[in-house]
Each structure stands twice: as structure tokens, then as C-alpha cells.
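Enquirer: Sequence:
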Amino acid sequence: PPPVPTLGIFGLMGLAGAIGAAGVAMNRRRKQ
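Numbering-wise, our numbering comes out as the position in the sequence shown, counting from 1, plus 591.
It is worth saying that the hints were derived from the structure and are not from the lab. In this text the structure is predicted, and so the values were computed from the model without any measurement. Virtual Cβ for every residue (Gly too), placed ideally from N, Cα, C. Keep in mind that a hint or two might mislead.
To be verified - Computed beta-carbon distance windows for the label pairs:
#1 Lys622 - Phe601: 40 to 48 Å
#2 Leu603 - Gln623: 29 to 37 Å
#3 Gln623 - Val595: 39 to 47 Å
#4 Gly599 - Arg619: 40 to 48 Å
#5 Arg620 - Ile600: 38 to 46 Å
#6 Leu598 - Asn618: 24 to 32 Å
#7 Met617 - Thr597: 41 to 49 Å
#8 Arg621 - Phe601: 37 to 45 Å
#9 Arg619 - Leu598: 37 to 45 Å
#10 Ala616 - Pro596: 28 to 36 Å
#11 Lys622 - Gly602: 28 to 36 Å
Between the sequences and the hints, there should be enough to build the whole structure, so can you do that?
Expert: Given below as C-alpha cells:
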């Protein structure tokens with residue numbers, strides 16, 4: 592597969608994962 596689209600997909604996945612993890616951490620802190 593072409594390297595550019597692949598990196599873009601992994602980049603989006605990584606960014607979404609980072610945002611999701613931050614959101615979960617914020618929610619846990621707020622609940623506590």
C-alpha cells in the first residue's frame with residue numbers, strides 16, 4: 592500500500608486514541 596495514505600490512517604487512529612484516552616481520564620477524574 593502507498594506509504595502516505597497508510598501514515599495518514601495511522602495518524603488519525605493515533606490522534607483519535609489519544610483524544611479518547613484523555614476524555615476517559617477526564618471523566619474518571621470528574622467522577623472521583
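Enquirer: Now tell me, hint by hint, if it's right for this structure.
Expert: Here is how each hint holds up against the structure:
1. Lys622 - Phe601: 40 to 48 Å: violated (31 Å)
2. Leu603 - Gln623: 29 to 37 Å: With Cβ atoms ~31 Å apart, the hint holds.
3. Gln623 - Val595: 39 to 47 Å: holds (42 Å)
4. Gly599 - Arg619: 40 to 48 Å: violated (31 Å)
5. Arg620 - Ile600: 38 to 46 Å: Check failed, 31 Å falls outside 38 to 46 Å.
6. Leu598 - Asn618: 24 to 32 Å: At 30 Å between Cβs, range holds.
7. Met617 - Thr597: 41 to 49 Å: Since Met617 and Thr597 have Cβ atoms about 31 Å apart, the given range 41 to 49 Å is violated.
8. Arg621 - Phe601: 37 to 45 Å: violated (30 Å)
9. Arg619 - Leu598: 37 to 45 Å: For Arg619 and Leu598 the Cβ distance comes to about 31 Å; the hint is violated.
10. Ala616 - Pro596: 28 to 36 Å: holds (30 Å)
11. Lys622 - Gly602: 28 to 36 Å: holds (31 Å)
Going down the numbered hints, you'll see the structure goes against 1, 4, 5, 7, 8, 9, while the others check out.
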